[in-house]
Amino acid sequence: MQITGMLWGRKLLDLVEFPRSDVCGPEASVDEIKEMIQKHKQVFIKPVFKGGVGKKGKSGLIGRADNLTDVLKEKERLYFATHQDGNRLVKSNGVTFEGGVPAEHEVYFSITDNTLYRAPAMTITHHGGVDIEELPADKLAVVPFDPLTGLKAFHVSNALDSLGAPTEIISPLVQNLPKLWDLYNNYGMLMLELNPIRMFNNGKRLIPLACDFKCAFDQDDPAWKRLHLPDDLFTFDDSEFEQEINQLRTYQGQSDVYVINNEGTITAPTFGGGANAMVTELLGEDATISSDFGGNPPYAKMNDISKITFKYWLPQSNVLFIIGGKANNTDIYETFRAIGDGLKWHFQQYGPHPLFVVVGRGGPNLVRGMAYLRDTLDSLGIPYRFFGHDSAMSEVINYARAVNRWMLNGGKDVIKKSMNIQ
Amino acid sequence: MHKEGVADFPYYVGINSLSELASKEDKVVVFNILGKESSAVTPVSHEYSGGNVVFGTGPGKSGKFLPTKKGKIPVYNSIKEGMAAGHEFNTAVVYLPPSGVKDGVAEAVRQNPKLKKVIVLTEKVSVKDSRIMRAICQTNGVDLFGGNCLGVADSWNHVRIGGALGGSHPDESLIKGSVAIFSNSGNFTTTIAVYLATAGWGTTTSVSSGKDVYIHYGPQEFIYALNNDDRSQAAVLYCEPGGYYEQGIESEKPIIACVVGRWKAKLTKSCGHAGSLSGSGDDAVAKENWFKDYFGVKDIYTPQNPVCSKKGALVTNIADIPEALTKVMELNGKKLDFEPRGDLSLKCWFGSNNGVALPKELDIQPVKAIEPYRGQIEALKQQVGAQINRETMKDASGASKMDPKTQVSQIHNVSILDASNQLFEENLVFALTHSYPSASGTAMANAVLNAYVNQHGQPSLAAATASREAGNSPNTVQVAAVSIIGKKKAQKAMDAAEALLDVFKLTDMNDPEKDFDHQSLVKGAAAHKDALLDAAADAGAAKVMDTCQSKGKSVFLDFLSDFAAEHKGHVSMGAVVAAVWATLAWPSLRSKKITKTTLVRLPWYGLIYSTMVGIAAPEDQHGADKFCGVKNDDLLGYSFTRTAFLALMGRDATEGELFEFQVLLGLIITNGPGTISAQGAKGAVSADGPEQPDHVQINKSLIGYLTHTGFAHGGNGYEAAAFLIDQFKDSDLKDPADIKHGVDLEKSAMDYAKWYSNYKKEQKGLGNLEYAKIPCVNHPIFKGKDVNLDPREEYVSKLFKDKGLYNVFLDFYHHLVESLFKAKVTKNVYCVNIDAVIAVILLKMMWSDYRKGAIKEENIEWASFMAFLFGRMIGCAGEIDDHTNRGKNMDTRTPASKCAYVG
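Going down the list, the sequences are from chains A and B. Just so you know, we're using our numbering here: the first sequence kicks off at 1 and counts up by one. Just so you know, we're using our numbering here: the second sequence kicks off at 1001 and counts up by one.
Incorrect hints may appear among the rest.
Only pairs whose alpha carbons sit at most 25 Å apart, straight line, appear in this in silico SDA-like list of lysine to any residue [said to hold, decoys possible]:
| id | chain 1 | residue 1 | chain 2 | residue 2 |
| --- | --- | --- | --- | --- |
| 1 | B | Lys1069 | A | Arg368 |
| 2 | A | Lys412 | B | Glu1288 |
| 3 | A | Lys41 | A | Val130 |
| 4 | B | Lys1003 | A | Pro144 |
| 5 | B | Lys1405 | A | Val130 |
| 6 | B | Lys1747 | B | Gly1767 |
| 7 | A | Lys344 | B | Asn1353 |
| 8 | A | Lys11 | A | Asp232 |
| 9 | B | Lys1069 | B | Glu1025 |
Some residues of chain B that are not near chain A, with every Cβ distance over 12 Å (derived) [unchecked claim]:
| id | residue |
| --- | --- |
| 10 | Ile1377 |
| 11 | Glu1746 |
| 12 | Tyr1759 |
| 13 | Leu1766 |
I should point out that these hints are in silico values taken from the structure, not numbers from a laboratory. For every residue, glycine included, the Cβ atom is placed at its ideal position computed from N, Cα and C.
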């Protein structure tokens, strides 16, 4: 749940009256653009990506122009620009027009919850406008502060002093930066970054104008909903499957999912964050999804999760792999009953599917749960192997992968025949 | 701002030694103690710890209590109220919903100056609340654990505080030893402890830290307390990406670090643990490097590459932890805590191939599980057959369905097109056992089915004859006969089935057609003598038994032979019938496809099958020793398909006819649970009350089916036959199977099409929209294309073509739909539908006799209806059995609110 860029950043900054550059959205008319050129002499054209996207400048994805013809050309170039951000290929939908801010000083500023200090911390430098990772540590000030009292003027002042920042930028920053704590703290943010803040001279004094914006929200904190941001701002990179599962997100029981490989052939409902980390790593590209359904989900929730998961992934799966460690409090009978019933429902709705089921699990009501699932699979004619918690989880994963390989090399047809599937 | 703690941390840390983390001195209060999770977990913790929970809270729940084996834990509205009642505590455990967690922590800190530890179990606590809670606790000198953790446990102190470490039986996992565990994963805290035991290592203190963005009690302070704990000789740290908690760790004692989650580097949002989302410098690889640098190793430890130092080892698979620990401890001169308990090799507890031939390396056989699970699994053997949850089965079926797109129905997931490739008797067995019988199984089924076909001297035949003579339709005649086949008629065989079930249910015998040593069962089954043996010899039973045993192996029949010899009796006819049905159904019972109720009642179904086929032949065909001219003994060796043909046509079938007849019956099996016939059967079951399966009368349920057929449903097949007779009555057609029949089909079809065109116009001109329609052409689904085909008819046509079986009537139908188009009666070429196939098969069989005058049109109508009843009997038997096992009492009723009054 991230926002990058000034299209939405400007609205958030306005909430706390933090100064910012002049920004128009993709709907800007020719007259408005002309007016912007006249006022600022120079206009930056930036593609609008949803979610967290970094290093646009390095990728040539920021246009700069001083006349209408060039602005419109850049608009055309960048409106549907694509950008490879790590493993993700993202596509722009629109541009912003941002008035140029002539300035001598560029400042970097961010707030995050810092795990070294175990407190919120401000990171600041007057050597802004660059990738922060590239700066040596002595040019950065990282200042933790008390979350009960928040970011204060003296934190900013002391930090800039310690960095030897030009004296003329200190006062305007001290006056304005603490406002950002309100934005961070009141709307459930996990990270807020302004880079650069350009110190604009209005003829009388310097004003810190935010020229780019990035923030991330905590999905467990409903405070962001007060911002009334459009729904699609955060759901854009969720697949339909993820969106459907996310609707089941309640505090009783996990329902985290992440699509690993749309072409995967092992679907592994996984229980526990640790199992999620390990199973997904060892299954690699064989996995359709990564999931964590631990935390003792009630029957109804697990049954809904199963039905949705099977609807999306069973048709392409060779192996249904139910895996977790020795559960502490997740009731195996309830979860296996929910999965078994979900599988039966799926077969009733969509017809039988050639499948092999592998289970690795331990925990309360284990044998009862395994027996229920066994009976369900027997009644559906599905071959299976269940392993207890005294088998190494990694060995069980290897077994599931071996079954998958066999299925890919003709085993699927053997099961198909045995299950009377046309 | 924080209170001064025990060491030089930049924040408050109050725990000096791991031995203090969960001790007997700790007194605990539990927030939301009566919540779902807490009320299950807290009693186990309380009992394991010797009673360490002093009270719990729940707003508005004052005066209630949580029962435990260590006494009742009182519940108060608030901490204040609990403390006012005189309770003292130093530890708070929080099970509140996420939005209430911060307030709970604040309440505990405010109300109790003696508070030293807070453990938050709740998942999905917001980061903001987490940082505020931390600040409150830091200011007041309280150690905070979690959220989203499972708390702490100590095997030495026998204390567990917070969540469910070790599950419902903590002693199984928390075995006293020398290794401390710190884990980001609650589940892995326990799983690692279990794994360690397989290498001979037990635990001291186990900490489930949680893996939210904030880990309040982190690895640094854990290692500090480890160094101060004399009991702990080493530690296992399980870490995931995200956060700098492990950076710069140094320990006086060896550490096995397990870092998992390299793949998470590509995540853009958390999946699994909320805090397991890395930035640029705290991903899994970075963490691995921190540990490698500290241990002074260059690689990850694996069994193939056992890289470690005295300081420790880095692993990325939790299964490698025990071995790595042993190796590191050897370098430190430390010995195992105890003899290794078990191992981590693959141990299959449950497995079935369900008929699939697996390659050897995948065909892992189940082994005996560790205790206490072994005992529990053994106890499961007492549960025989499928256990099906009952539900409302109105308009629903677990036996059949129709695909609305293809209009092809299925029974037990087998399409009727495929089922039509199976013999009548095979489908009769399949409908009830959900598995097709083997060749020898089929032969045995034929013997017991044919044994009861001849109804000579039976009241069922008398009833059928009386009904027939009274002018009733075939279904009504069947009703008269079937009503006589009440439960008592099959009771002996059902008692025998019950006895065989009791004798064999706890054995390892899964396939009765394979060798199995039953000798030890012969003596032990003496109590079933009355159910299985007769005092006097029954020649009929002996004959059926001999016939069956000559056809193939049956453990049940072999057992009966030896049982009769041992107990000096004679195998009863009921026992033979039960043994054959048990042979057919046992694999399905073992694989949980059917219930034991079904197995026991199969002989009753079989008896009705035989009766329905038998009384299709008129009374004069039932002699003392012959049926339709075939000797009773010879009949035992007949295919039941052949017997049904014999009963229906009064003559034996050719090989080609037998195949066509089998296809005809197969196509009729079912059209899903919505058909009137199925609804009749299901309603009859529902009315008897399937929740007590013994109450469901199978014969009455089949009567329900029979009464829900009639001249419009089942009897309408004759309409097409009549149409064809009309078309061919003036031709010289002698043999409909002869492709050189000499009839100009093209001309006949066109003549008819032209006539029909004129007729239609004429009738429309008269304003008659109820003009006669041509039967068996067109279909509401398979229409609209230039040339339309009913895929079911297409399938059967191809089947016959492949077998070299020609049918002039079907050929005529294909010409007819072309001609209707050419004559502009239809806008496109209609399909010939599946009902036509049924009609043409039947007419082909009877044409010769009809031509000779041996039979009349009403005989064709009778046979047509009766054939439908044979085929649909298969599907309805499946529905009846399904509803008996799955349905609820009176579940097919329609609520009054959904009924309409149209008077």
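**OP:** For the pair supplied as a hint, A/Lys344 and B/Asn1353, confirm whether the alpha-carbon distance does not exceed 25 Å.
**Re:** Between A/Lys344 and B/Asn1353 the Cα gap is close to 18 Å, so the pair holds against 25 Å.
Original post:
Just checking, B/Leu1766 versus chain A, shortest CB gap more than 12 Å?
Top reply: holds (49 Å)
Original post:
Does B/Lys1747 pair with B/Gly1767 here, judged by a C-alpha cut-off of 25 Å?
Top reply: Violated - the C-alpha atoms of B/Gly1767 and B/Lys1747 are around 30 Å apart, more than 25 Å.
**OP:** Please settle this one: B/Glu1746 was flagged as non-interface, so is its CB more than 12 Å from every CB on chain A?
**Re:** Non-interface label stands for B/Glu1746: nearest chain A Cβ at 35 Å, farther than 12 Å.
Original post:
A/Lys412 and B/Glu1288: Cα distance at most 25 Å?
Top reply: violated (39 Å)
Original post:
Taking 25 Å as the top limit, are the C-alpha atoms of B/Lys1069 and B/Glu1025 close enough?
Top reply: holds (20 Å)
Original post:
With d taken as the least Cβ-Cβ distance between B/Ile1377 and chain A, does d exceed 12 Å?
Top reply: violated (6 Å)
Subject >> Hint consistency between B/Lys1003 and A/Pro144 [alpha-carbon to alpha-carbon, up to 25 Å] >> reply: Holds, at roughly 17 Å.
**OP:** Compare the distance between the alpha carbons of B/Lys1069 and A/Arg368 with 25 Å, and conclude whether the hinted pair is satisfied.
**Re:** Status holds; Cα separation ~24 Å.
Subject >> 25 Å limit on alpha-carbon distance, applied to hinted pair A/Lys41 and A/Val130 >> reply: holds (23 Å)
Original post:
Is the straight-line distance between the alpha-carbon of A/Lys11 and that of A/Asp232 25 Å or less?
Top reply: Cα-Cα ~17 Å, so holds.
Original post:
B/Tyr1759: least C-beta distance to chain A exceeds 12 Å?
Top reply: At about 42 Å from chain A, B/Tyr1759 clears the 12 Å cut-off, so the statement holds.
Consistency note: the structure conflicts with the earlier hints numbered 2, 5, 6, 10.
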